[in-house]
Amino acid sequence: MSFLTLDRVSHHYFYKNGYTKALENISFTLKEGEFISLLGPSGCGKSTILSIISGLFKQTEGHVTLENKPITESKLAIGYMLQQDYLFPWKTILSNALLGPKITNNNEDSMRQTALQLLEEVGLSGVADKYPTELSGGMRQRVALVRTLINDPKILLLDEPFSALDYQTKLKLEDLVGKLLKTYHKSAILVTHDIGEAIAMSDRILVMGSNPGTIAKSFEVPIELRNQLPLEVRKHPKYQILFDKIWAELEEKEKQKGRSS
Amino acid sequence: MKNDETLFTAYQKNLKRERKIILSWQLLILISFISLWEVSSKMYWIDPLLFSSPTRITLSLFERFINGSMFTHLSVTLFETILGFIIGTIGGVIIASSLWSSNRFSRIMDPYLVVLNAMPKVALGPIIIVALGPGYLSIITMGFLVSVIITTLTVYSAFNEVDPNYEKVLKSFGATKWQCFKEAVFPATLPTIISMLKVNVGLSWVGVIVGEYLVSKQGLGYLIIYGFQVFDFTLVMSSLVIIAILAAMMYKIVERIERWLIKNTK
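Keeping their order, the protein sequence lines are chains A and B. Under the UniProt record's numbering, the first residue of the first sequence is numbered 1, with each subsequent residue one higher. Under the UniProt record's numbering, the first residue of the second sequence is numbered 1, with each subsequent residue one higher.
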């Protein structure tokens, strides 16, 4: 059953002196509970896709539907996690985590317990009254994760949320996110340029081409890898096979680009 | 361990010594300025009729405080300045917010703001007096006008410099424009608004004193102009001394408020 559907979505960016076509004919579906990665070089429109799904701006052509309804009609369906945490420095960790309920008038107080519980679950107990500047990068990104999860979104959009972290923190956080998404049975779309991360975390990988952004190829992640934690996946023999395949695909793209330009 | 302690006390002692040196230099400059002034006036190096002298100023101030006349002038000017300052700052923030709320509105207003900003506001004095009558209202308006436009422009540009990703986070929760303003844009700009307070203290004094020059029967600006007209330069200098003290005090108070606000809003 298709859950989220993108149907021939295109997007243009307009400027005073011209325009660029950022996306062309993007079509894919996301099943409930599925984890998809969008993999591609920077500037291929990966983030634009997320912005369109989240409703930050509207695509110039095509349709995005969630459970057969236009995405704009379904409120609260989306949780968005950015490259940096963007915690509000003047709010405490707890108020940062409670930002979603506050905005949607979901009664901040009744959610307080949930927030504390989630913070504990991501390994952050006892920091609720601290301010973001007192926390390390990895901790801050975990708070951002709680802030995203607290509104119980149906789909999580992850826009390279691990790329600003050091390698060890990144691997740990991948495990944590992977585990949480499995437990709460959430669907997710991860944007990344890290092949390893894409394989470790997702069920399906869409490799994108650029100028304009298109979906070049789709890779299914072997079933043995899907239910493992990201760190374990990296040790699996099939990981390397898939890695090499995707690598070859990206290299091919690069060569084509070199030839055409 | 004892060595660390001694090093630290030595460091502290050094700090204290440095502070003492600076303070004594500051006092030295003040005292030599005043005594040089006094001596040159007594010895007729400068015309005492024009430049007065510290003793005369002190005596004149003393006299005016005893009979209470200085206090009335002082409080009138202080009242006008504080009001002009507050209205100017709050008004500027409100106008900046309304500019932020509508991109189209801000683009429409842009040329007018540029002209108003470039225009010397005190030049509007006569028109304001004609429009609002010779009284408090005109003078407070002057104090307000001098600070409001620059506050508007500074705060508005600070609003626009807030990292758009904060708004992105809020919008992903479905926040309205007002919620974005309240949760992200305004708190992020608060430090700019607070530092604007300090600038506006000085600006409001300019507006109010010029306003009093033009029209008024009371106030420190009036005393300066009156002293000038009757050739009583001791009175002019006394008023200047009072203005300097009051302006510095107001600046210090605003600085205190600033520190308190920053601590309590984080």
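Rather than coming from a laboratory, the hints here were simulated on the basis of the structure. Incorrect hints may have been included.
To be verified - Pairs of lysine-lysine residues, derived as DSSO-like cross-links and limited to a Cα-Cα distance of at most 27 Å, are as follows: (1) A/Lys-257 x A/Lys-235; (2) A/Lys-16 x A/Lys-31; (3) A/Lys-21 x B/Lys-182; (4) A/Lys-170 x B/Lys-168; (5) A/Lys-31 x A/Lys-130; (6) A/Lys-186 x A/Lys-102; (7) B/Lys-177 x A/Lys-58; (8) B/Lys-182 x B/Lys-217; (9) A/Lys-186 x A/Lys-235; (10) A/Lys-235 x A/Lys-182; (11) B/Lys-263 x A/Lys-91; (12) B/Lys-182 x A/Lys-130; (13) A/Lys-102 x B/Lys-16; (14) A/Lys-102 x B/Lys-20; (15) B/Lys-198 x A/Lys-16; (16) A/Lys-130 x B/Lys-168; (17) B/Lys-168 x A/Lys-154; (18) B/Lys-16 x A/Lys-91; (19) A/Lys-91 x B/Lys-20; (20) A/Lys-257 x A/Lys-31.
Said to hold, decoys possible - Far from chain B, some chain A residues (derived; all Cβ distances over 10 Å): (21) Ser-2; (22) Asp-7; (23) Ser-54; (24) Val-64; (25) Ile-78; (26) Gly-79; (27) Lys-102; (28) Glu-121; (29) Gly-126; (30) Arg-147; (31) Glu-160; (32) Gln-228; (33) Lys-257.
Where a beta carbon is used, it is the ideal one built from N, C-alpha and C, also for glycine.
Hints, one by one, checked against the model:
At roughly 33 Å between alpha-carbon atoms, A/Lys-257 and A/Lys-235 are farther apart than 27 Å, so this suggested pair is violated. In summary, the hint linking A/Lys-16 to A/Lys-31 is not supported, as the alpha carbons are separated by about 39 Å, beyond the 27 Å threshold. Taking the CA atoms of A/Lys-21 and B/Lys-182, the gap is about 35 Å. The hint is violated against a cut of 27 Å. With a C-alpha separation of about 23 Å, the suggested pair A/Lys-170 and B/Lys-168 falls inside the 27 Å cut-off, and the hint holds.
At roughly 38 Å between alpha-carbon atoms, A/Lys-31 and A/Lys-130 are farther apart than 27 Å, so this suggested pair is violated. Taking the CA atoms of A/Lys-186 and A/Lys-102, the gap is about 22 Å. The hint holds against a cut of 27 Å. Taken as a hint, the B/Lys-177 and A/Lys-58 pair is honoured in the structure, with Cα atoms around 17 Å apart against an allowance of 27 Å. Of the pairs offered as hints, the one joining B/Lys-182 and B/Lys-217 is violated, with about 44 Å between alpha carbons and a cut-off of 27 Å exceeded.
For the suggested pair A/Lys-186 and A/Lys-235, the alpha carbons sit about 25 Å apart, so the restraint of at most 27 Å is met. Proximity of A/Lys-235 to A/Lys-182 is assessed by CA-CA distance (about 20 Å); at most 27 Å being required, the pair is judged to hold. As the CA atoms of B/Lys-263 and A/Lys-91 are separated by approximately 13 Å, the hinted pair is consistent with the 27 Å bound. Restraint check for B/Lys-182 and A/Lys-130: satisfied, since their Cα atoms lie roughly 21 Å apart, inside the 27 Å limit.
In summary, the hint linking A/Lys-102 to B/Lys-16 is not supported, as the alpha carbons are separated by about 50 Å, beyond the 27 Å threshold. For the hint pairing A/Lys-102 with B/Lys-20, the CA-to-CA distance comes to about 52 Å; that exceeds 27 Å, so the pair is violated. About 40 Å separates the Cα atoms of B/Lys-198 and A/Lys-16, which puts this hinted pair outside 27 Å; it is violated. As the CA atoms of A/Lys-130 and B/Lys-168 are separated by approximately 24 Å, the hinted pair is consistent with the 27 Å bound.
Between B/Lys-168 and A/Lys-154 the CA atoms are separated by roughly 19 Å; this keeps the pair inside 27 Å, and the hint holds. For the hint pairing B/Lys-16 with A/Lys-91, the CA-to-CA distance comes to about 37 Å; that exceeds 27 Å, so the pair is violated. Using a Cα cut-off of 27 Å, the hinted pair A/Lys-91 and B/Lys-20 is violated, with the two alpha carbons roughly 40 Å apart. Between A/Lys-257 and A/Lys-31, the direct Cα distance comes to roughly 32 Å. Violation of the 27 Å bound is thereby established for this hinted pair.
With a closest Cβ-Cβ approach of about 23 Å to chain B, A/Ser-2 is found to remain outside the 10 Å limit, as its non-interface label requires. Consistency note on A/Asp-7: stated as away from chain B, and its beta-carbon is indeed over 10 Å from all of that chain's, at 22 Å minimum. Some Cβ of chain B comes within 10 Å of the Cβ of A/Ser-54; the nearest lies about 5 Å off, and the non-interface call is violated. No Cβ of chain B comes within 10 Å of the Cβ of A/Val-64; the nearest lies about 15 Å off, and the non-interface call holds.
Look at A/Ile-78: its CB is around 6 Å from the nearest CB on chain B, not clear of 10 Å, so calling it non-interface is violated. Chain B draws A/Gly-79 into its interface by the beta-carbon criterion, the shortest separation being 7 Å against a cut-off of 10 Å. Listed as a non-interface residue, A/Lys-102 fails to keep its Cβ farther than 10 Å from every Cβ of chain B; the least gap is roughly 8 Å. Look at A/Glu-121: its CB is around 20 Å from the nearest CB on chain B, clear of 10 Å, so calling it non-interface holds up.
Annotated as non-interface, A/Gly-126 keeps its C-beta farther than 10 Å from every C-beta of chain B; the closest such distance is 19 Å. A beta-carbon of chain B comes within 10 Å of the beta-carbon of A/Arg-147; the shortest separation is about 8 Å. For A/Glu-160, the requirement that its beta carbon stay farther than 10 Å from each beta carbon of chain B is met, with the minimum near 13 Å. Non-interface call for A/Gln-228 relative to chain B: holds, since the shortest CB-CB distance, roughly 30 Å, exceeds 10 Å.
Annotated as non-interface, A/Lys-257 keeps its C-beta farther than 10 Å from every C-beta of chain B; the closest such distance is 30 Å.
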